Each structure stands twice: as structure tokens, then as C-alpha cells.
Amino acid sequence: MCVGVPSKVIKLEEDRALVEVMGSKMYVGILFVPEVKINDYVLLHAGQAMTIINEEYARESMEEWRKIIDGQHGTLF
Amino acid sequence: MDSMAPFSDPVLSKQSAEAVIHLAKQYIQLTGRKPVFMEVCGSHTMALAKTGVKTRLKDYVRLIAGPGCPVCVTDQKTIDSMISLSKESGRILCTFGDMMRVPGSKHSLLEAKTEGKDIRVVYSPLDSLQIAEENPDKEVIFLGIGFETTIPLLAAAIQEAELRGLTNFSVWMTTKLVEPVLRALLEAGEIHLDGFLLPGHVSVVLGKESYSFLAEEYRMPGVISGFEPVQLLSSIYKLLQLCLENKSEIINDYPYVVSESGNASAKSLMSKYLQPANEVWRGIGAIPKSGLVLKENYQTFDAKNKFKIHVDPPRKTKCRCGEVIRGLAVPEECILFNKACTPANPIGPCMVSSEGTCAAHYHYMREE
Chain Z
1 MCVGVPSKVI KLEEDRALVE VMGSKMYVGI LFVPEVKIND YVLLHAGQAM TIINEEYARE
61 SMEEWRKIID GQHGTLF
Chain E
1001 MDSMAPFSDP VLSKQSAEAV IHLAKQYIQL TGRKPVFMEV CGSHTMALAK TGVKTRLKDY
1061 VRLIAGPGCP VCVTDQKTID SMISLSKESG RILCTFGDMM RVPGSKHSLL EAKTEGKDIR
1121 VVYSPLDSLQ IAEENPDKEV IFLGIGFETT IPLLAAAIQE AELRGLTNFS VWMTTKLVEP
1181 VLRALLEAGE IHLDGFLLPG HVSVVLGKES YSFLAEEYRM PGVISGFEPV QLLSSIYKLL
1241 QLCLENKSEI INDYPYVVSE SGNASAKSLM SKYLQPANEV WRGIGAIPKS GLVLKENYQT
1301 FDAKNKFKIH VDPPRKTKCR CGEVIRGLAV PEECILFNKA CTPANPIGPC MVSSEGTCAA
1361 HYHYMREE
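Chains Z and E are the protein sequences, given in the same order. First residue of the first sequence: 1, per this note's numbering; consecutive thereafter. First residue of the second sequence: 1001, per this note's numbering; consecutive thereafter.
Keep in mind the hints are simulated off the structure, nothing from the lab. One should not assume that every hint holds.
The calculated DSSO-like cross-link candidates involving lysine-lysine, where the alpha carbons are at most 30 Å apart (straight line), are [what the hints assert, rightly or not]:
1) E:Lys-1117 with E:Lys-1087
2) E:Lys-1304 with E:Lys-1289
3) Z:Lys-8 with E:Lys-1050
4) E:Lys-1138 with E:Lys-1087
5) E:Lys-1304 with Z:Lys-37
6) E:Lys-1025 with E:Lys-1247
7) E:Lys-1077 with E:Lys-1247
8) E:Lys-1316 with Z:Lys-37
9) E:Lys-1247 with E:Lys-1014
10) E:Lys-1247 with E:Lys-1087
11) Z:Lys-11 with E:Lys-1267
12) E:Lys-1025 with Z:Lys-67
13) E:Lys-1289 with E:Lys-1306
14) E:Lys-1289 with Z:Lys-67
15) E:Lys-1058 with Z:Lys-67
16) E:Lys-1058 with E:Lys-1077
17) E:Lys-1113 with E:Lys-1339
18) E:Lys-1113 with Z:Lys-67
19) E:Lys-1077 with E:Lys-1087
20) Z:Lys-67 with E:Lys-1106
21) E:Lys-1077 with E:Lys-1014
22) E:Lys-1289 with E:Lys-1272
23) E:Lys-1304 with E:Lys-1113
24) E:Lys-1106 with E:Lys-1058
25) E:Lys-1267 with E:Lys-1295
26) E:Lys-1267 with Z:Lys-25
27) Z:Lys-67 with E:Lys-1138
28) Z:Lys-8 with E:Lys-1138
29) E:Lys-1050 with Z:Lys-25
30) E:Lys-1316 with E:Lys-1339
Computed from a prediction, not measured in an experiment: that's the story for all the values here.
All chains, please: the whole structure from these sequences, using the hints.
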């Protein structure tokens, strides 16, 4: 039930946004992300954008994890 | 989204699993037993099974499904009440698809619909407002189940109904909160846990800080996780690190989605319309202040207040969903699993729900 789908905001209207999700376009509510901007990625749940996904943090987390996997943290493996 | 794609990369997933196993072996060597982690979210339960992470780690890490699937924790009496609610004419019941096949004592909502009752599956609680506007001579009731991810949407629907002046719309509230059930599990002490894999989507609303009680009061570590294989393995890895270092901390391993304090707009809307109330959890019983109901001023939107429903005590079955939810049994230990109880003919909600532990085991972990 707690399904979250990442989607890109392509158009903003008063209380809703047009998003692109897996190739389809749909309108969603933006009640919980009033600060959202065009080209932001949002996580959808039951027709509402619940949060804005921070791409920079996502990349940083990925890099951090790759370093751990690659053993660059030294003492792990 | 491009930056999220590597989280399901198969090569990185394989390497990640090896890294987790490496650390788990250290833990086993140190303690003489496997570490035991509980995933609180039903979507985690399904993702761990579907991606093969649970099977890959089974000899090194014990992953237990907790009470995080909203359909699974909805008690039998509530389901019977919802079905009973549909029987009067002049009512339209709206619900999420997951609820349709959950068996009550005698019927499911799907069977009631087959018998001609007006029960509709909607994508969002807000969709039911449109149905209420189109059917002014009927009462439209939304079956409001869910955790903190879904509860703000119920509050949003009530706000919108108030703005539109709808008098034929109400919500049958049976919501569940994460903190009280985690406290109840830890206080009961029925199961030994070394840490929690904390729910990614519930945490979008709650924020990392809402879990500080686990570390501060129970000395229990927790890691907030995403749902792709690399995200799950990274979070399990970090849990293992905390355990090996004997640290009871909460780590946000999903920081690109979950913030420190959660979603202020969602929390504010919930507190405007809703207040804590005792809730009954399937297999666990009543937990004080573990759900949210409508405040006094908004009783016109409360279906429980509007429609008096009486149901008989639920019929007892051999279903062990209650123990599965508490981490005391795995689906394979239930005599009904994969015999009388299958996804095509479910006896209990853990087999019905797309996030249920029994369904996860049936679809992805069953040995033929």
C-alpha cells in the first residue's frame, strides 16, 4: 500500500502538477510539497507527491556505497 | 530517474550481498548466532523476497517481517464491520484494491461486490470525493486504512470534502501508527531483535528524528532504508556495523527521500483533523493511542459515528497471521500455508495483501 513512485514534474498548476512517470503523464496533488519546482523529481503515493527526491544526495549515497564495496575505506575487507 | 537506476544494478547488488555476508560472518563469529533484524514495512518485506536478498542472506542474517503491512494488521472485526457497512443500500464504499479480497468471517468485499453491493476501488481517497459529488443521494464511505504514509491523504480528503461542503462523504478510520506498535513489540519482549530496518515511505512523513526513542529508550539500532536491492543491502550492512560496534543509533540511509524532521505539511494536516486513539491490531490486540481518528469538530466525516455497525465476534480459523505479524512464526510454519491458504484462495490477510509476508513467501521463496 505504501507504494512510492519517482516521477518528474513537467508542469505546475495551482494545486497540482503534471508529472511523467514511467513514460506516462498524469496530474498529481502537490499539497505536501508546496515548494516543488519544474524538473524536480517527486515520490508519489496515491495521487499525491509526498516528497521531493534530492538527486545530489542520491548520487552521494551511491558514491559512498561504491567506495565501501570497492574496499576504499580500507579496513573492511 | 537516472541517479536512482544504479540502486538495482545486478553487479553492484551481488557485490553488496557479499559485503553484507562478510560482515555478518564477523558477527556470527563474535556472538555465535545470526543477527536478527526486523523490517517494519510491508513493501520492504516484499522487496526483500522479490529481489532475492532474503534468500541470499538466509544463512547469515535472520530477517523477520514486522507489523508493517496495513491490510495484514487490520483486525478481523474491522473487516467484518466494513463488509457489513456495504450491505445497506444507498451506500457506496470506496477502498484501495488491496482490501477487496481480504476475507471477513463470511465474505470479502469482492464477494459483496459480486452480490451487487456498490464497492469501488479508487487510486486515491480524493477520488471518492468526485464519486460523492456525482451521487448526492448516496452516502460515500472511504475505508481509511493505512500507516503514516497514507494518513495525510485521508486528512487531505477530509479537508477537501469540508471545502466542497460535502455532507454525503465520510471515512471509516482504522489507521495505524508505527511508534506505538514498535514500543508494544519491544515491551512484550516475545522476540529477540538486534535492530530494525526502518520504513522508507512512512519515514517520508515522520522523519528520522521520530525513531530516536528506539536508540535512547530501548538501545535498539535502526536504519531507514530504500527499496532497491543495493539500498536494502546497504542498510543491512549499516545495521550490522552498528551491532558490531555496539552502537544504538538511528541512521538515515535514504537521505535523498527522507529528511530529519519529515514532511511538515503532512504532519500539520494530520494534527488539524485527527487525534490519537486506541486501535486494535490483528494478532496483537489493542495498543493505546496507536491510531488516529477524527477530532470532535469533524465528526460529520466519521463513518463510525454516522453509521452504527454491530458485528458478531469473528470466526476463529487456524490462520497464524497474528504470529507472523509479530515475528513469532514464518509462513511455512502455518498449517494452512500453500495448502488451504494460497493467493487464489487466501484465508488470512498476510496472503491477500501485495505487501503480506505469506504472499511474499508464496511468490518468491517457496520451495517446490
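For each hint, the structure was consulted:
Distance restraint check for Lys-1117 of chain E and Lys-1087 of chain E: the Cα-Cα separation of roughly 7 Å lies within the 30 Å cut-off, and the hinted pair is therefore satisfied. For the suggested pair Lys-1304 of chain E and Lys-1289 of chain E, the alpha carbons sit about 17 Å apart, so the restraint of at most 30 Å is met. Restraint check for Lys-8 of chain Z and Lys-1050 of chain E: the C-alpha separation of about 26 Å stays at or below 30 Å, so the hint holds. With a C-alpha separation of about 13 Å, the suggested pairing of Lys-1138 of chain E with Lys-1087 of chain E holds against the 30 Å cut-off.
With a C-alpha separation of about 40 Å, the suggested pairing of Lys-1304 of chain E with Lys-37 of chain Z is violated against the 30 Å cut-off. A threshold of 30 Å between alpha carbons decides the hint, and for Lys-1025 of chain E with Lys-1247 of chain E the separation of about 18 Å falls inside it, so the pair holds. Of the supplied pair hints, the one linking Lys-1077 of chain E and Lys-1247 of chain E is violated, its CA atoms being roughly 41 Å apart against a limit of 30 Å. Our distance criterion of 30 Å between C-alpha atoms is broken by Lys-1316 of chain E and Lys-37 of chain Z, whose separation comes to about 52 Å.
Only pairs whose Cα atoms come within 30 Å are accepted, and Lys-1247 of chain E paired with Lys-1014 of chain E is accepted, the gap being roughly 27 Å. Proposed proximity of Lys-1247 of chain E and Lys-1087 of chain E is contradicted: the alpha carbons are some 54 Å apart, above 30 Å. Only pairs whose Cα atoms come within 30 Å are accepted, and Lys-11 of chain Z paired with Lys-1267 of chain E is accepted, the gap being roughly 26 Å. For the hint linking Lys-1025 of chain E to Lys-67 of chain Z, the alpha-carbon distance of about 21 Å falls within 30 Å, and the restraint holds.
Distance restraint check for Lys-1289 of chain E and Lys-1306 of chain E: the Cα-Cα separation of roughly 22 Å lies within the 30 Å cut-off, and the hinted pair is therefore satisfied. As the CA atoms of Lys-1289 of chain E and Lys-67 of chain Z are separated by approximately 43 Å, the hinted pair breaks the 30 Å bound. With a C-alpha separation of about 25 Å, the suggested pair Lys-1058 of chain E and Lys-67 of chain Z falls inside the 30 Å cut-off, and the hint holds. Under the criterion of a C-alpha separation no larger than 30 Å, the hint pairing Lys-1058 of chain E with Lys-1077 of chain E is inconsistent with the structure, at around 35 Å.
Among the hinted pairs, Lys-1113 of chain E with Lys-1339 of chain E is consistent with the structure: their alpha-carbon atoms are about 26 Å apart, no more than 30 Å. A hinted pair counts as satisfied when its Cα atoms are at most 30 Å apart, and Lys-1113 of chain E with Lys-67 of chain Z does not qualify at roughly 54 Å. Of the pairs offered as hints, the one joining Lys-1077 of chain E and Lys-1087 of chain E holds, with about 16 Å between alpha carbons and a cut-off of 30 Å not exceeded. With a CA separation close to 55 Å, the supplied pair Lys-67 of chain Z and Lys-1106 of chain E exceeds the 30 Å bound.
With a C-alpha separation of about 44 Å, the suggested pair Lys-1077 of chain E and Lys-1014 of chain E falls outside the 30 Å cut-off, and the hint is violated. The suggested pairing of Lys-1289 of chain E with Lys-1272 of chain E holds, with an alpha-carbon distance near 17 Å, which does not exceed 30 Å. The suggested pairing of Lys-1304 of chain E with Lys-1113 of chain E holds, with an alpha-carbon distance near 21 Å, which does not exceed 30 Å. Between the alpha carbons of Lys-1106 of chain E and Lys-1058 of chain E the distance comes to roughly 37 Å, so the proposed pair goes past 30 Å and is violated.
For the given pair, Lys-1267 of chain E sits about 15 Å from Lys-1295 of chain E by alpha-carbon distance, which is consistent with the 30 Å threshold. A distance of roughly 28 Å separates the Cα atoms of Lys-1267 of chain E and Lys-25 of chain Z; the hinted pair therefore holds under the 30 Å criterion. About 60 Å separates the Cα atoms of Lys-67 of chain Z and Lys-1138 of chain E, which puts this hinted pair outside 30 Å; it is violated. A distance of roughly 38 Å separates the Cα atoms of Lys-8 of chain Z and Lys-1138 of chain E; the hinted pair therefore is violated under the 30 Å criterion.
At most 30 Å may separate the alpha-carbon atoms for a hinted pair to count; Lys-1050 of chain E and Lys-25 of chain Z meet this at roughly 27 Å. With a C-alpha separation of about 18 Å, the suggested pair Lys-1316 of chain E and Lys-1339 of chain E falls inside the 30 Å cut-off, and the hint holds.
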